[in-house]
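Peer 1: Sequence:
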Amino acid sequence: MKYQCFLYDQNMFFSEGIKAVILEQFGKSGDISYASSDHFSELIDELNVKKNGSDERWVLCDLESFPHDRFSALSIVKECYQKQDQKLVMLLSENNIPLFFALYSLLPEANWLLKNESLYHFVSFFRDLREVEPKSRCFSHSLVNYTRMKWLSDNAECSISSNEWWLMEEIFKGKSLSQISNEVDVDIRKLSYHKRRLMRKLNVRNNIDLFNAFRCIVATPQLAG
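In numbering that gives the first Met the number 0, the protein residues as written are 0 to 224.
Honestly, the hints are just simulated from the structure, not real lab data.
If you're wondering where the values come from, they're calculated on a predicted model, not measured in any experiment.
The beta-carbon is built from N, C-alpha and C at its ideal position, and this holds for glycine as well.
Do not take every clue at face value.
What the hints assert, rightly or not - What follows is a list of derived Cβ distance ranges for each label pair:
{"#": "1", "residue 1": "L118", "residue 2": "N181", "range": "26 to 32 Å"}
{"#": "2", "residue 1": "H140", "residue 2": "K200", "range": "49 to 55 Å"}
{"#": "3", "residue 1": "K18", "residue 2": "E130", "range": "18 to 24 Å"}
{"#": "4", "residue 1": "G173", "residue 2": "G16", "range": "35 to 41 Å"}
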């Protein structure tokens, strides 16, 4: 079997590192083709390309490289990748972990890799990805531990939901709760409830602290020039 791998990531240093890890899995067999891009449009084009016969395609996506309206971008990715028989790998930074349950609810068939895993667990993840059945999923070591810790502590409800994430994305666009309510035909009291619930989860008491806390979770890191 031949493999096709495409990476979407705006961090060129990470791109080179993950390329080395993946190619190392295949040695000199020449059974894999590899490409990468930092343009979202090229990611979507790749997701829509028809896969060659029995080849296996891996599409790796870095969450923090997505356009600022990430909730909408994820919906586009979901719609595209499901059209083809391919494995989607979502790459998360450590500050994205509070969004993991929301992300998983949006992309339940994806595979999940934390970018700051040790080299050992990085290699293990791609070894597992190569060996698992098409409908099975792989989770990196730290994400498995995070999920286990949340459930064992009965603290899973403290994770950010997809509804709360969507609401904050809309608020970041400068919209008021009344505007959002009118646009999506949802009772403003329900939106207010989700906002207050998120504030409790993030342990903040005012809008400024809420915005700052949430920006830390979804922020795109500034790379040195």
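Peer 1: Would you mind marking each hint as holding or not holding in the structure?
Peer 2: Going through the hints against the structure:
no. : hint                      : result
1   : L118 <-> N181: 26 to 32 Å : violated (51 Å)
2   : H140 <-> K200: 49 to 55 Å : violated (25 Å)
3   : K18 <-> E130: 18 to 24 Å  : holds (20 Å)
4   : G173 <-> G16: 35 to 41 Å  : holds (37 Å)
Checked against the numbered hints listed earlier, the structure breaks hints 1, 2; every other hint is satisfied.
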